Amino acid sequence: MHNSNEFKIPLGPQHPALKEPESFSVALKGEKIMGVDIRLGYNHRGIEKACEERTYIQDMYLIERICGICSHSHSTCFIQAVEEIAGLEVPKRALYIRTLIAELERIHSHLLWLGVAGHEIGFDTLLMYAWRDREIVMDMLAELTGNRVNYGINTIGGVRRNITREQAEKVLGGIKTLEERTKYYIEVATEEVTIRKRLSGVGVLSYEDALRLDAVGPTARASNVNRDVRRDDHYAAYGDIRFEVVTDMHNDVYGRTIVRVKELMESYQIIRQVLQKMPDGPISIKAPRQIPAGEALSRYEAPRGEDVHYVKSNGTEKPERVKVRAPTLANIQAVKHMLADRYLADMPIVIAAIDPCFSCTDRLVTIEYPNKRKNEVISWQALHSYSIEWHRSRGIDFRALNKKFSERIKG
Amino acid sequence: MLKEVLNHIMKKPATNLYPAQKLQMPPGFRGKLKFYPERCIGCKLCMRDCPTQAITINKLEDNKFEAVIELDRCIYCGQCVDSCPKKALESTKDVELTQLDAHKLRVVFRAQPENNSKK
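Just so you know, the protein sequences line up as chains S and B, in that order.
Per the numbering used here, the very first residue in the first sequence carries number -12; after that it's consecutive.
Per the numbering used here, the very first residue in the second sequence carries number 1094; after that it's consecutive.
Bear in mind the hints are in silico, worked out from the structure with no lab data behind them.
If you're wondering where the values come from, they're calculated on a predicted model, not measured in any experiment.
Heads up, the beta-carbon is just placed ideally off N, CA and C, and yes, glycines get one too.
Some clues are possibly wrong.
Below, simulated DSBU-like cross-link-like pairs (lysine-lysine); rule was C-alpha separation at most 35 Å, straight line [said to hold, decoys possible]: (1) S/Lys79 to B/Lys1180; (2) B/Lys1104 to S/Lys6; (3) B/Lys1157 to S/Lys157; (4) B/Lys1096 to S/Lys163; (5) S/Lys390 to S/Lys(-5); (6) S/Lys163 to B/Lys1186; (7) B/Lys1104 to S/Lys163; (8) S/Lys184 to B/Lys1105; (9) S/Lys273 to B/Lys1180; (10) S/Lys(-5) to S/Lys19; (11) B/Lys1180 to B/Lys1127; (12) S/Lys305 to B/Lys1127; (13) B/Lys1180 to B/Lys1152; (14) S/Lys36 to B/Lys1180; (15) S/Lys170 to B/Lys1096; (16) S/Lys36 to B/Lys1105; (17) S/Lys6 to B/Lys1197; (18) S/Lys264 to B/Lys1186; (19) B/Lys1125 to S/Lys36; (20) S/Lys299 to B/Lys1180; (21) S/Lys273 to S/Lys79; (22) B/Lys1137 to S/Lys6; (23) B/Lys1105 to B/Lys1197; (24) B/Lys1157 to B/Lys1137; (25) S/Lys310 to B/Lys1105; (26) S/Lys36 to B/Lys1137; (27) B/Lys1115 to B/Lys1104; (28) B/Lys1186 to S/Lys79.
Stretches of chain S that chain B covers, calculated by requiring three or more beta carbons in the stretch to come under 8 Å of a beta carbon on chain B [stated by the list, open to error]: (29) 36 to 46; (30) 142 to 155.
Computed Cβ-Cβ distance ranges for the label pairs, DEER-style [claimed, not checked]: (31) B/Asp1165 to S/Glu307: 27 to 37 Å; (32) B/Ile1102 to S/Ile173: 45 to 55 Å; (33) B/His1101 to S/Lys184: 43 to 53 Å.
Required output: the full structure, derived from the provided sequences and hints.
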């Protein structure tokens, strides 16, 4: 992508517009972005490997700390896989409590995103308002689970805390205030001229591209992709609850804002239904320390998109393999596409629009040469071509699959 | 937006004046751990379940145990409180754990003489 007319500038790993260390190498022609190279790996913490060295109960708290904002998402996703392997029948009430916390988490995540988006476009008043209202839901989470961020409500076979009637009423009261505030935010997002003009046409991702690049969550739904794990492959108590999947036709950052604020309204409806339908009974069942051998893949609709966990167990107290695919990893390819041919000034908001969490995403591959006594870090491109070669040598050709897929989009 | 701005001109800030005005922690908050040596039976389940190995139970003599809790390692998940079969551990609402000296974050709960918690 480099030629003599282009100017290549590095953005990050430390940059005031990005809160997390991630390096973007931007090729510029004047103000226009010609191409972006994303370098992952600055925040790599080796959580997957660390999980293999700890017991399932310890893993829960480690997995919960993959991300501070979707902490319940990751722990529920992991625990669903473990419970499936162990064949545990989780009590209904526990599933409802998990759903309640999941939706409260979505509210707090979307409000946080709204504030960050306001900040990135220089609309700090919106940041202050959104984050002040976010305190209401943070206090509710602290009240229900005992902590504001890493809730620690899940345990293998259920949840750790019950919800009393007074707490449920407090939640309903908080929801009422938040609903009014969200109505105001919908008004701001749809009617405020600054927001509309600043965000419209920025970071365009068409329907076809969203499908092709495997975008997930609000990023995909803003491109009119009607996908939501909560509805399509329902987990926890979502099977009993009626809600609508919000989609939007704008295909840009403005559309993503609208999807997020409208999803807040759906979340309030879900919480009301959960509290109304919540059955009585036990909140957890006793789980064995040793999980029988087996493997499971679990999906979960985190506030940012589909979260996938794969757990393999070998019959001991510790898992043999834990694989986490956080939503940002699925969306990061879309960012590259969204930035191409756009202006440099749009970069912070386009990156912020997928609500990135780089510490969830970071991957690192090192090659060890036992003979040469040397290690080498493999780049993302090299890894990509390596994986294509690896599959091709085993007789799997992605070209045919790609062709089939693009035909399906057209048809 | 202007309406909102005018509304808030006369209002107090939404933030708390922290050191002067302290927040009330909700019931069930997971703060600093407290250990009751007289209840401990030395099963060491808390040690086994702790994700960060922040707690160590040492045997002093028969049925006498001490707990060493490293507060800088503890992630305040409260799993040890759940795991303990005799309720010898408890989460308090104490959140102000800031120290300049890292050694002060190692807290020892010993049975004799009388709950001597070295701070």
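Hints versus structure:
A C-alpha spacing of about 27 Å is found between S/Lys79 and B/Lys1180, which places the hinted pair at or below 35 Å, so the restraint holds. With a CA separation close to 31 Å, the supplied pair B/Lys1104 and S/Lys6 stays within the 35 Å bound. Under the criterion of a C-alpha separation no larger than 35 Å, the hint pairing B/Lys1157 with S/Lys157 is inconsistent with the structure, at around 44 Å. A threshold of 35 Å between alpha carbons decides the hint, and for B/Lys1096 with S/Lys163 the separation of about 21 Å falls inside it, so the pair holds.
Pair hint S/Lys390 plus S/Lys(-5) holds up; C-alpha atoms about 34 Å apart against a cutoff of 35 Å. Using a Cα cut-off of 35 Å, the hinted pair S/Lys163 and B/Lys1186 holds, with the two alpha carbons roughly 29 Å apart. Pair hint B/Lys1104 plus S/Lys163 holds up; C-alpha atoms about 21 Å apart against a cutoff of 35 Å. With a C-alpha separation of about 33 Å, the suggested pairing of S/Lys184 with B/Lys1105 holds against the 35 Å cut-off.
Of the supplied pair hints, the one linking S/Lys273 and B/Lys1180 holds, its CA atoms being roughly 18 Å apart against a limit of 35 Å. At most 35 Å may separate the alpha-carbon atoms for a hinted pair to count; S/Lys(-5) and S/Lys19 meet this at roughly 11 Å. At roughly 11 Å between alpha-carbon atoms, B/Lys1180 and B/Lys1127 fall within 35 Å of each other, so this suggested pair holds. This hinted pair checks out: S/Lys305 and B/Lys1127 have alpha carbons roughly 29 Å apart, not beyond 35 Å.
For the hint pairing B/Lys1180 with B/Lys1152, the CA-to-CA distance comes to about 18 Å; that is within 35 Å, so the pair holds. A threshold of 35 Å between alpha carbons decides the hint, and for S/Lys36 with B/Lys1180 the separation of about 33 Å falls inside it, so the pair holds. The hinted pair formed by S/Lys170 and B/Lys1096 meets the criterion: a straight-line CA distance of about 15 Å does not exceed 35 Å. Restraint check: the Cα-Cα separation between S/Lys36 and B/Lys1105 comes to about 49 Å, which exceeds 35 Å; the hinted pair is violated.
Using a Cα cut-off of 35 Å, the hinted pair S/Lys6 and B/Lys1197 holds, with the two alpha carbons roughly 32 Å apart. With a C-alpha separation of about 32 Å, the suggested pair S/Lys264 and B/Lys1186 falls inside the 35 Å cut-off, and the hint holds. At roughly 29 Å between alpha-carbon atoms, B/Lys1125 and S/Lys36 fall within 35 Å of each other, so this suggested pair holds. Taking the CA atoms of S/Lys299 and B/Lys1180, the gap is about 33 Å. The hint holds against a cut of 35 Å.
Distance restraint check for S/Lys273 and S/Lys79: the Cα-Cα separation of roughly 15 Å lies within the 35 Å cut-off, and the hinted pair is therefore satisfied. Between B/Lys1137 and S/Lys6, the direct Cα distance comes to roughly 40 Å. Violation of the 35 Å bound is thereby established for this hinted pair. Our distance criterion of 35 Å between C-alpha atoms is broken by B/Lys1105 and B/Lys1197, whose separation comes to about 38 Å. Our distance criterion of 35 Å between C-alpha atoms is met by B/Lys1157 and B/Lys1137, whose separation comes to about 13 Å.
Taking the CA atoms of S/Lys310 and B/Lys1105, the gap is near 48 Å; set against the 35 Å cutoff, the hint is violated. Restraint check for S/Lys36 and B/Lys1137: the C-alpha separation of about 25 Å stays at or below 35 Å, so the hint holds. About 20 Å separates the Cα atoms of B/Lys1115 and B/Lys1104, which keeps this hinted pair within 35 Å; it holds. Between B/Lys1186 and S/Lys79, the direct Cα distance comes to roughly 31 Å. Compliance with the 35 Å bound is thereby established for this hinted pair.
For the region 36 to 46 of chain S, the proposed coverage by chain B is satisfied: 5 residues have a C-beta within less than 8 Å of a C-beta in that chain, meeting the threshold of three. Coverage of the region 142 to 155 of chain S by chain B holds in this model, with 3 residues showing a Cβ closer than 8 Å to a Cβ of that chain against a need of three. Separation of B/Asp1165 from S/Glu307 is about 31 Å and conforms to the stated range, judged on CB atoms against 27 to 37 Å. A C-beta distance of roughly 24 Å is found between B/Ile1102 and S/Ile173, which places it outside the suggested range of 45 to 55 Å.
A hinted range of 43 to 53 Å is violated for the C-beta pair B/His1101 and S/Lys184, which are about 25 Å apart.
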